[in-house]
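2 protein chains.
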Amino acid sequence: MNQAKPLRSEIEASQGGEIVLGKLDDYIGFHLRLAQNASFRAFQRKTGQSDLRPGWFALLSLIKDNPGITPMTLSRASGRDKSTLTPLLRDMIRDGFVEKQPIARDRRSYALFATAAGAARLTDLSRHAAEHDRRLDQIVGDRKAELLNLLRRIAVEIE
Amino acid sequence: MNQAKPLRSEIEASQGGEIVLGKLDDYIGFHLRLAQNASFRAFQRKTGQSDLRPGWFALLSLIKDNPGITPMTLSRASGRDKSTLTPLLRDMIRDGFVEKQPIARDRRSYALFATAAGAARLTDLSRHAAEHDRRLDQIVGDRKAELLNLLRRIAVEIE
DNA sequence: TCAAACTAGTTTGATATCAAACAATCTTTC
DNA sequence: GAAAGATTGTTTGATATCAAACTAGTTTGA
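These protein sequence lines are chains A and S, in that order.
First residue of the first sequence? That's 868 in the working numbering, and the numbers climb one at a time after it.
First residue of the second sequence? That's 868 in the working numbering, and the numbers climb one at a time after it.
Possibly wrong hints are sitting among the right ones.
Repeated chains share a single entry, so a pair holds when one copy, or any two copies, can fit it.
[Claimed, not checked] Here are the simulated SDA-like pairs of lysine to any residue, each with C-alpha atoms no more than 20 Å apart in a straight line:
#  : residue 1 : residue 2
1  : K1011     : V1023
2  : K1011     : A1022
3  : K913      : R947
4  : K967      : R1020
5  : K967      : T951
6  : K1011     : R1001
7  : K949      : R912
8  : K913      : R975
9  : K890      : A986
10 : K890      : P969
11 : K949      : S976
12 : K967      : L956
13 : K913      : G946
14 : K1011     : D973
15 : K913      : V1023
16 : K890      : R1010
17 : K949      : Q911
18 : K949      : R975
19 : K890      : P934
20 : K890      : S993
21 : K890      : D1000
22 : K913      : L1015
23 : K967      : G922
24 : K967      : M939
25 : K949      : L888
26 : K967      : A986
27 : K967      : D1009
28 : K890      : R974
In short, the hints are calculated from the structure, not lab data.
Input sequences plus hints: build the corresponding full structure.
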């Protein structure tokens, strides 16, 4: 349908601010990406000045709250591929925010711990992250619980 | 708080499936990323076999529904930086799915149109995309309208 | 009118990300 | 207890993405 040559009026409309989303407007995946992208960029702008890499906050937080966690478990908890974590962990260890210890019963892996410097840095980052998320809280208002539930279900149930 | 050395029980717990999300569990941004990432990966797996690049679907759909749209407008509509679009558009034009035409009144820019091949490809992609989004629809059930509203508001209002 | 400010698109550089292939180690199965 | 299979972490290769710097063209305003 609508295979005909576009009308002049349609073309004119496309130049202005009147964008037709079409079927896209009904796609959860599309809006999910738009929202996440906008949120991620805003967070990055806020923390970028504070010499923080955006991926660090979630990882450091998880390591602090789960002392001895392994890279593989961390990968699942943070929703990122294990190979993505390799260079991030290397840098966090190099910079003294995280330490690794061998695991006796599995020599392939290692246990991760936040150092005192890591905990301090996390506190610092938490200020920015909390500020950012407070903005998100404002936007969603009293429907936050429901939103979180839906997002959790999407993350878990999609395969 | 909880600055003390981690208990052995905590360490053990971190190895298993019991992950403590801590403050993260209350962060919209965190769950947004998790959900988007999972959804994106699932979509990619579904369409990857069909020789489709995931970024193409939204762009092609927008070009088809907005004949004559410029890269800049497309950038805003798709939520991606203009420089991200450059190589994507180049490839879509090279492969004959999209055509560009000069704009008389602004020689810096150009107008984009979907070709017949592009429309055909879009139809093909739509099948996969619709299938994927039907899965998302199942997960969110009757709260879809509300979810879309929240996601739209986040994308627009965060700055 | 024409210089200054702005805007559109491209190029370049830096991250982030996944997936596949690999090596080392564990676990299972016979 | 040894071979086969599974799991963990790393390396490598391919995209996607943004931001900043750049070029070319347009708009503004003095």
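The hints, checked one at a time:
In this assembly of identical chains, K1011 and V1023 lie within 20 Å of each other by CA distance both inside one copy and across copies; the values are 18 Å within and 17 Å between. Taking CA atoms no more than 20 Å apart as the test, K1011 paired with A1022 passes in both settings, with 16 Å inside one copy and 16 Å between copies. With identical chains, the CA atoms of K913 and R947 are at most 20 Å apart between copies only, with a shortest distance of 19 Å across copies and 22 Å within one. Neither within a single protomer nor between protomers do K967 and R1020 lie at most 20 Å apart by alpha-carbon distance, with minima of 33 Å and 42 Å respectively.
For the identical chains of this complex, K967 and T951 are intra-copy neighbours only, at 17 Å inside a copy versus 37 Å across copies, given an alpha-carbon limit of 20 Å. Only within a single protomer do K1011 and R1001 lie at most 20 Å apart by alpha-carbon distance; the minimum there is 11 Å, versus 24 Å between protomers. When the C-alpha separation of K949 and R912 is checked against a cutoff of 20 Å, the pair qualifies only between copies, where the shortest distance is 18 Å, while the shortest distance within a copy is 26 Å. Taking CA atoms no more than 20 Å apart as the test, K913 paired with R975 passes in neither setting, with 37 Å inside one copy and 33 Å between copies.
In this assembly of identical chains, the alpha carbons of K890 and A986 lie at most 20 Å apart only when taken from different copies (14 Å versus 46 Å within one copy). For the identical chains of this complex, K890 and P969 are neighbours neither inside a copy (52 Å) nor across copies (28 Å), given an alpha-carbon limit of 20 Å. Taking CA atoms no more than 20 Å apart as the test, K949 paired with S976 passes inside one copy only; the shortest distance there is 12 Å, against 42 Å between copies. For the identical chains of this complex, K967 and L956 are intra-copy neighbours only, at 9 Å inside a copy versus 45 Å across copies, given an alpha-carbon limit of 20 Å.
Proximity of K913 to G946 under the C-alpha cut-off of 20 Å is restricted to the inter-copy arrangement: shortest distance 19 Å between copies versus 23 Å within a copy. Taking CA atoms no more than 20 Å apart as the test, K1011 paired with D973 passes in neither setting, with 41 Å inside one copy and 45 Å between copies. Taking the closest pair of Cα atoms, K913 and V1023 come within 20 Å of each other only across two copies (17 Å); inside a single copy the shortest separation is 29 Å, beyond that limit. Taking CA atoms no more than 20 Å apart as the test, K890 paired with R1010 passes between copies only; the shortest distance there is 19 Å, against 26 Å inside one copy.
Taking identical chains as interchangeable, the C-alpha atoms of K949 and Q911 lie at most 20 Å apart only when they sit on different chains, with a minimum of 18 Å there against 22 Å within one chain. With identical chains, the CA atoms of K949 and R975 are at most 20 Å apart within one copy only, with a shortest distance of 14 Å there and 44 Å across copies. Taking the shortest alpha-carbon separations for K890 and P934, only the inter-copy value of 15 Å comes in at or below 20 Å, while the best intra-copy value is 46 Å. For the homomeric pair K890 and S993, the shortest alpha-carbon distance between copies (9 Å) is at most 20 Å, but the shortest distance inside one copy (39 Å) is not.
Taking the shortest alpha-carbon separations for K890 and D1000, only the inter-copy value of 11 Å comes in at or below 20 Å, while the best intra-copy value is 30 Å. Within a single copy, K913 and L1015 get their C-alpha atoms no closer than 23 Å, and across copies no closer than 26 Å, so neither meets the 20 Å cut-off. In this assembly of identical chains, K967 and G922 lie within 20 Å of each other by CA distance solely inside one copy; the values are 19 Å within and 38 Å between copies. With identical chains, the CA atoms of K967 and M939 are at most 20 Å apart within one copy only, with a shortest distance of 14 Å there and 47 Å across copies.
For a Cα distance limit of 20 Å, the shortest separation of K949 from L888 across copies, 18 Å, qualifies, whereas the shortest one inside one copy, 36 Å, does not. Within a single copy, K967 and A986 get their C-alpha atoms as close as 15 Å, which meets the 20 Å cut-off; across copies the closest is 53 Å, which misses it. For the homomeric pair K967 and D1009, neither the shortest alpha-carbon distance inside one copy (41 Å) nor that between copies (46 Å) is at most 20 Å. Taking identical chains as interchangeable, the C-alpha atoms of K890 and R974 are never at most 20 Å apart, the minima being 52 Å within one chain and 31 Å between chains.
Checked against the numbered hints above, the structure breaks hints 4, 8, 10, 14, 22, 27, 28 and satisfies the rest.
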